[in-house]
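Asks: Given next are the chains, with one letter for each unit.
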Amino acid sequence: MPTSATITIQRRADFSSSHYFWVNEWSYDENVRAFGVTANRFGHGHNYELIVAISGEVDVQTGMVMNLKEVKSLMESTVIHPLDFRCLNRQVPFFQDNQPTLEALSVYIYRRLQRALAEANLQLAWIEIRESRELAVLYDGTPVNGIHEAKVFWDSIDDEAGYAHDVTGTSRHAIV
Amino acid sequence: MLLFKRRYHFAAAHRLHSPHLSDAENKAVFLQCNNANGHGHNYEFELYLEGEINPQTQMLMDLVELDKLVETHLLDEVDHVFLDKDTILFKGVITTAENIAFVFFQTLDAVLPSGVDLAAVRVYESRNNAAIYQRPEAKLPPFIYQS
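In the order they appear, the protein sequences are chains A and B. Residue numbers 1 to 176, in my numbering, belong to the letters of the first sequence in order. Residue numbers 1001 to 1147, in my numbering, belong to the letters of the second sequence in order.
Keep in mind that a hint or two might mislead.
What the hints assert, rightly or not - Computed cross-link-like contacts, SDA-like style, restricted to lysine to any residue with a CA-CA straight-line distance of at most 25 Å:
no., chain 1, residue 1, chain 2, residue 2
1, A, K69, B, D1084
2, B, K1027, A, N67
3, A, K69, B, S1126
4, B, K1005, A, R12
5, A, K69, B, Q1032
6, A, K72, B, E1044
7, A, K69, B, D1023
8, A, K69, B, G1040
9, B, K1005, B, D1079
10, A, K69, B, A1024
11, B, K1139, A, Q123
12, A, K69, B, K1139
13, B, K1005, A, A5
14, A, K69, B, V1093
15, B, K1091, A, D59
16, B, K1139, A, T142
None of these hints come from the bench; they were simulated from the model.
With the hints as extra help, turn the sequences into a complete structure.
Replies: Laid out in structure tokens, this is it:
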């Protein structure tokens, strides 16, 4: 009978967001040279997949590390809601300081989940974020140089305000 | 470090119900998984093996032999059965993915040939959730988790 076994459970969730890559200090040409089509400041989108792994002792009464219903709602409120159907650059304050790469996104998601789980005495083991079938990042929470964490816990800015940015002239296509 | 990974699948029914809890508490904790008649999953599980490479065959372990062990000790027990009722493996054990991973690990670890160690077992209950049990002293690289 597994009374005190440490088990890692993992749960998957989807979210859909848009993003683009743009360094403010660079010229238009420099940005396009570095980022290609992903520099289009109207943005483009992905169906992201998030896998969250939580470690802990199995509760003898329930046979669970954490009730999956609670894992689901915690993921939903902590990270899915602030990201799903949003433009990362314009609507998530964390990305005012960071490029919306998988690398930065993984730090954002990890830190938010880590804090929420710590309150339940559970340990976040690792996360995996897949941007497409070909591209993913795995992250275990060790500090990453160059990612600015100051705004990890800032709430999303107002949905409407996000679109107030002027994007005139930034598309590679003619502006209507 | 070199890890050998093999994936298997089986279909089974189960019910989450704890003898430590009242009927009402069971319903509250396990929700639809507590349905008295059970429900089913297409389970998948992965074995991660480590050990010495045989210098002649240059294999960690003969796959046919591994498959036979898994079939005899695990698949024959769990495929197309009601996990809580039809197999000795889960007698007195709530059939959460956590416990299935632990029981599979213990069962297979006991019958693997010497020189081959089970590093971890991951059990997928669905596309959305899984549980991993790993040998406590195993220092596994994080990439083993990538599916």
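Asks: The structure should be examined with respect to each hint, and the outcome stated for every one.
Replies: Going through the hints against the structure:
Between the alpha carbons of A:K69 and B:D1084 the distance comes to roughly 22 Å, so the proposed pair stays at or under 25 Å and holds. For a cut-off of 25 Å, the pair hint linking B:K1027 to A:N67 stands: about 13 Å separates their Cα positions. A distance of roughly 14 Å separates the Cα atoms of A:K69 and B:S1126; the hinted pair therefore holds under the 25 Å criterion. Among the hinted pairs, B:K1005 with A:R12 is consistent with the structure: their alpha-carbon atoms are about 21 Å apart, no more than 25 Å.
At roughly 11 Å between alpha-carbon atoms, A:K69 and B:Q1032 fall within 25 Å of each other, so this suggested pair holds. Taking the CA atoms of A:K72 and B:E1044, the gap is near 21 Å; set against the 25 Å cutoff, the hint holds. Restraint check for A:K69 and B:D1023: the C-alpha separation of about 19 Å stays at or below 25 Å, so the hint holds. Using a Cα cut-off of 25 Å, the hinted pair A:K69 and B:G1040 holds, with the two alpha carbons roughly 18 Å apart.
Annotation: proposed proximity of B:K1005 to B:D1079 holds, straight-line Cα distance about 21 Å (limit 25 Å). Distance check on the hinted pair: A:K69 and B:A1024 sit about 17 Å apart at the alpha-carbon level, within 25 Å; holds. Distance hint between B:K1139 and A:Q123 is fulfilled; the C-alpha atoms sit about 17 Å from each other, no more than 25 Å. With a C-alpha separation of about 30 Å, the suggested pair A:K69 and B:K1139 falls outside the 25 Å cut-off, and the hint is violated.
Taken as a hint, the B:K1005 and A:A5 pair is honoured in the structure, with Cα atoms around 22 Å apart against an allowance of 25 Å. For a cut-off of 25 Å, the pair hint linking A:K69 to B:V1093 stands: about 21 Å separates their Cα positions. Simply put, B:K1091 and A:D59 have alpha-carbon atoms about 17 Å apart, close enough for the 25 Å limit, and the pair holds. In summary, the hint linking B:K1139 to A:T142 is supported, as the alpha carbons are separated by about 16 Å, within the 25 Å threshold.
Checked against the numbered hints given earlier, this structure breaks only hint 12.
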